[in-house]
Amino acid sequence: EIVMTQTPLSSPVTLGQPASISCRSSQGLVHSDGGTYLSWLQQRPGQPPRLLLYKISNRFSGVPDRFSGSGAGTEFTLKISRVEAEDVGVYYCMQATQFPWTFGQGTTVEIK
Amino acid sequence: EVQLVESGGGLVQPGGSLRLSCVASGFTFSDYWMTWVRQAPGKRLEWVANIKHDGSEKFCVDSLKGRFTISRDNAKSSVYLQMNNLRAEDTALYYCARAPYPGVRPYSLFYWGRGTLVGVSS
Numbered sequence: 001e002i003v004m005t006q007t008p009l010s011s012p013v014t015l016g017q018p019a020s021i022s023c024r025s026s027q028g029l030v031h032s033d034g035g036t037y038l039s040w041l042q043q044r045p046g047q048p049p050r051l052l053l054y055k056i057s058n059r060f061s062g063v064p065d066r067f068s069g070s071g072a073g074t075e076f077t078l079k080i081s082r083v084e085a086e087d088v089g090v091y092y093c094m095q096a097t098q099f100p101w102t103f104g105q106g107t108t109v110e111i112k
Numbered sequence: 113e114v115q116l117v118e119s120g121g122g123l124v125q126p127g128g129s130l131r132l133s134c135v136a137s138g139f140t141f142s143d144y145w146m147t148w149v150r151q152a153p154g155k156r157l158e159w160v161a162n163i164k165h166d167g168s169e170k171f172c173v174d175s176l177k178g179r180f181t182i183s184r185d186n187a188k189s190s191v192y193l194q195m196n197n198l199r200a201e202d203t204a205l206y207y208c209a210r211a212p213y214p215g216v217r218p219y220s221l222f223y224w225g226r227g228t229l230v231g232v233s234s
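In order, the protein sequences belong to chains A and C. Here this note's numbering is used: the first residue of the first sequence is 1, the next is one more, and so on. Here this note's numbering is used: the first residue of the second sequence is 113, the next is one more, and so on.
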């Protein structure tokens, strides 16, 4: 099983300032078909998860461009360029390269 | 608009069974892989199972094999999760989710339902 580890677990951020979340996988996430199936999800309080980014850096429909993803191999990063109040919530990375699919433990973004 | 609506959750005693349902709308259900994911209170998300668009392939997390079974009825645009011999640790919010694009191996979860709550307690 691929273990996904996120840092930090909590990220207090000032409105308008950037935020960054790291995700490390215990194995490389390159699939035999050449794709790297790393996604980022946002879960606002009391809401279901919502897809933000897939295949490392592709923004899902309707996701603001202040969200961006990068990385390769076993190290990945989600960046929020300027945090807004609606960005408060828990962020998860997820790998779908190998079964079982696995998630990070979540990073809570809160406003200072 | 893509919609996924789960139902069937509830409170059940240890050893009991439940069948969760997820009804889909807003897309051609029979073209997409579907997935169940669960989230225990205060815990990270946990992938449970996937099923291919025609039901011919199924994948389930090893720890739940033998107790949980995923199935689908394309005529009813529905995916199901049969859960048997339930344990306290199965207490969670269960979400169904849809694969990115029709006919292809899923590599993410583009759309999620709001979940149905399962509680296992005596």
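Just so you know, not all the hints are guaranteed correct.
[Unchecked claim] Under the rule of at most 30 Å between Cα atoms (straight-line distance), these lysine-lysine pairs were calculated in the DSBU-like manner: (1) C:K188 / C:K170; (2) C:K155 / A:K112; (3) C:K177 / A:K112.
[To be verified] According to the in silico footprint, chain C covers these stretches of chain A (three or more CB under 8 Å from chain C): (4) 52-61; (5) 79-87; (6) 101-111.
Derived by calculation from the structure, the hints in this document are not laboratory data. The C-beta atom is built at its ideal place from N, Cα and C for all residues, glycine as well.
Below or equal to 30 Å on CA atoms is what counts here, so check K188 of chain C against K170 of chain C. It holds: about 19 Å lies between the C-alpha atoms, which stays within 30 Å.
Mind checking, does the segment 101-111 of chain A have 3 or more residues with a CB under 8 Å from chain C? With 6 residues in contact (Cβ-Cβ under 8 Å with chain C), the coverage given for the segment 101-111 of chain A holds.
Quickly compare the C-alpha distance for K155 of chain C and K112 of chain A to 30 Å and report which way the hint goes. holds (24 Å)
Coverage assertion for the segment 52-61 of chain A with respect to chain C, Cβ distance below 8 Å, three residues required: Result for this restraint: holds, n = 3.
Proposed proximity, K112 of chain A with K177 of chain C (alpha carbon, max 30 Å): At roughly 44 Å apart (the allowed maximum being 30 Å), K112 of chain A and K177 of chain C break the hint.
Claimed coverage, the segment 79-87 of chain A by chain C - three or more beta carbons nearer than 8 Å: violated (count 0)
Consistency note: the structure conflicts with the earlier hints numbered 3, 5.
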